[in-house]
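**Student:** Residue strings, one per chain:
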Amino acid sequence: MSWFDKLLPSVIRTEGSAKKAVPEGLWNKCPGCGAILYRAEMERNMDVCPKCGHHNRIGARRRLELFLDKESREEIAADLQAEDPLKFKDSKKYKDRLTAAQKATEEKDALIVMRGKLKGMDLVAAAFEFRFMGGSMGSVVGERFVRGANIALEKRIPYVCFSASGGARMQESLFSLFQMAKTSAVLKRMADKGVPFISVMTDPTMGGVSASLAMLGDVNVAEPGALIGFAGPRVIEQTVREKLPEGFQRSEFLLEHGAIDMIVPREQMRERLHNVLGILNHAAACS
Amino acid sequence: MDLNFLEFEQPIAELEAKIGELRLLGDDAEINIQEEIERLEEKSRKLTESLFSALNPWQTSQLARHPLRPYTLDYIERIVDDFEGLHGDRAFADDQSIVSGIGRIDGRVVMIIGHQKGRDTKEKLKRNFGMPRPEGYRKALRMMETAERFKLPVLTFIDTPGAYPGIDAEERGQSEAIARNLREMAGLRTPIVATVIGEGGSGGALAIGVADKLMMLQYATYSVISPEGCASILWKSAEKAPQAAEAMAITSDKLKELGLIDGIVPEPLGGAHRDPDAMAANLKQSLIKSLDQLQGKSQDELLESRYQRLMSYGVFSEA
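Protein chains in written order, with my numbering: chain E, 2 to 288; chain V, 102 to 420.
Worth double-checking, as some hints may not be accurate.
On the chain E side, residues computed to face chain V include the following (Cβ under 7 Å) [said to hold, decoys possible]:
#1 I77
#2 D80
#3 L81
#4 F89
#5 M181
#6 S185
#7 M216
#8 Q269
Okay, derived cross-link-like pairs now, BS3-like style, lysine-lysine, Cα gap no bigger than 25 Å in a straight line [claimed, not checked]:
#9 K390/V with K252/V
#10 K93/E with K337/V
#11 K94/E with K341/V
#12 K194/E with K398/V
#13 K189/E with K252/V
#14 K120/E with K30/E
#15 K355/V with K385/V
Bear in mind the hints are in silico, worked out from the structure with no lab data behind them. Since we're looking at a predicted model, the values are computed, not measured. We put the CB at the ideal spot given by N, CA and C, even for glycine.
If we strip away everything but chain E, and leave its shape as in the complex, we get (with noise of 0.2 Å):
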């Protein structure tokens, strides 16, 4: 405040008002390099720091709008809705640890799965919503991912999903855990019919989902930088108590160590998918 501003009394100071100026949210800090950036320009970069390069998280709509065709897209499953067979009760109830995060994300559960096109090509992407309960996998979210797979099958056309989870949803418990074997399973029947799959694994892509239908991509594709694997970082140095080697369980370390096909950015996903499975998809695009 100037000494000018002081002089005037308070009725007619503006206090704040320069600051309010400014709505909430406008410019973003990026995580990679700290630089500050315009929130709108990060939005037209696909949420790539323009800097950097950092690949910031985005959520499962917007990852499904950024990645298929305008025109002609269709979700699948959408009315399914969790249950709380365990009565499931921590410091809060399952049930409204869920009502929280249905409100939050205006989602019904961490997965969204939709039918479309890819340039034209038509096909079935799924994407994980890490917002909803850090993107756990439970009833729901297996079975969704089926029901898409199963489209995939019965049309023949690629299935794509985008993980981005902490693993399997601790309050259904077992019925978590099946969520793996569930979706492994019908990953077996595309690759019996020879129906591609590719695994897009993004930042994080830990536990049960990793460990299940992530790793299982016919093709497996990372983001740059995204943080995969199985036990969390954590977990890990208290195990084996020794600092972890830098860049531990990254996309490029998943890479050099064979885990996947490719790490391909943001704004290159749909022209590489596009022309990987237009490739492995030649034999349905000729019948």
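Starting from the known structure of chain E, arrange chain V on it as the hints suggest.
**Tutor:** Using the frame of chain E, we list chain V on its own:
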């Protein structure tokens, strides 16, 4: 405190100690102590019965991880004839936390795969506390493929805290190894019977657990995460493990009720470790029954019902 008894069993331990002392007095005692011993033994049995008829999930999870609990090799020794151990994933190593081999059970040829924990410190380290690395799961898969080729039913014994969370395990693709087993077991063209004999720890257990028949020993547990792990995430304190054990429905009776397992193999009074021979006999009976039920099915029938069962997992509503 006798380490063979868990905390909640201390009243039994005290009685048993008393019985032991009386026995030491032996024949040269002036009074006839035989009667007294019998009376105490009866009392101990009654007490054990009453304690074990009302176990809570946390007590069960301690029994499932009891240091004297029989492990896979203890059962193989008692159940399987002509056993030949088979080793290695043919790519990297022979993971000692999973054992496998072929043999006969009452004349029926089988492939056996199971987690293996260690009894003393040296063996615990060798077995990595029953926590497999990717090469363990890949070895298991190789055995399953061999079984498929030679039409041997696969019996798996589940007993692990979980897949090993280590740097090397991640480097060699822990996630992929587990995922691949899940996918391949769904389509394996031979019957699979899985039995949780102790601790069914998450994905590391499921990776040899996709089956046509899923059984649990009475005091075994099966869950998505250990009670301690769940407690430290959701309650922010590992000390809340008893509550987590309760909330997650990890015991055989609960899981049977929920339709997630097919049957329970009864344990001798006081748990499997009190009488490993009796336990092995019960397990053998259960395995033979499952095998005979599955042998009647054609391969296509078997695979279709395995698939439909996998697809049926989950509880949700559809508005």
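**Student:** All hints are to be evaluated individually against the structure, with a verdict given for each.
**Tutor:** The hints, checked one at a time:
1. I77: Cβ of I77/E sits 12 Å from chain V, so the hint is violated.
2. D80: Because about 5 Å separates D80/E from the closest Cβ in chain V, which is inside the 7 Å limit, the hint holds.
3. L81: At 5 Å from the nearest chain V Cβ, L81/E passes the 7 Å test, so the hint holds.
4. F89: 5 Å, holds
5. M181: 6 Å, holds
6. S185: 4 Å, holds
7. M216: Hint on M216/E: holds, closest Cβ of chain V at ~4 Å, below 7 Å.
8. Q269: It is violated, given that the least Cβ distance between Q269/E and chain V is near 24 Å, above 7 Å.
9. K390/V with K252/V: OK: K390/V and K252/V at ~18 Å, within 25 Å.
10. K93/E with K337/V: 12 Å, holds
11. K94/E with K341/V: 16 Å, holds
12. K194/E with K398/V: 24 Å, holds
13. K189/E with K252/V: At roughly 20 Å apart (the allowed maximum being 25 Å), K252/V and K189/E satisfy the hint.
14. K120/E with K30/E: 33 Å, violated
15. K355/V with K385/V: 23 Å, holds
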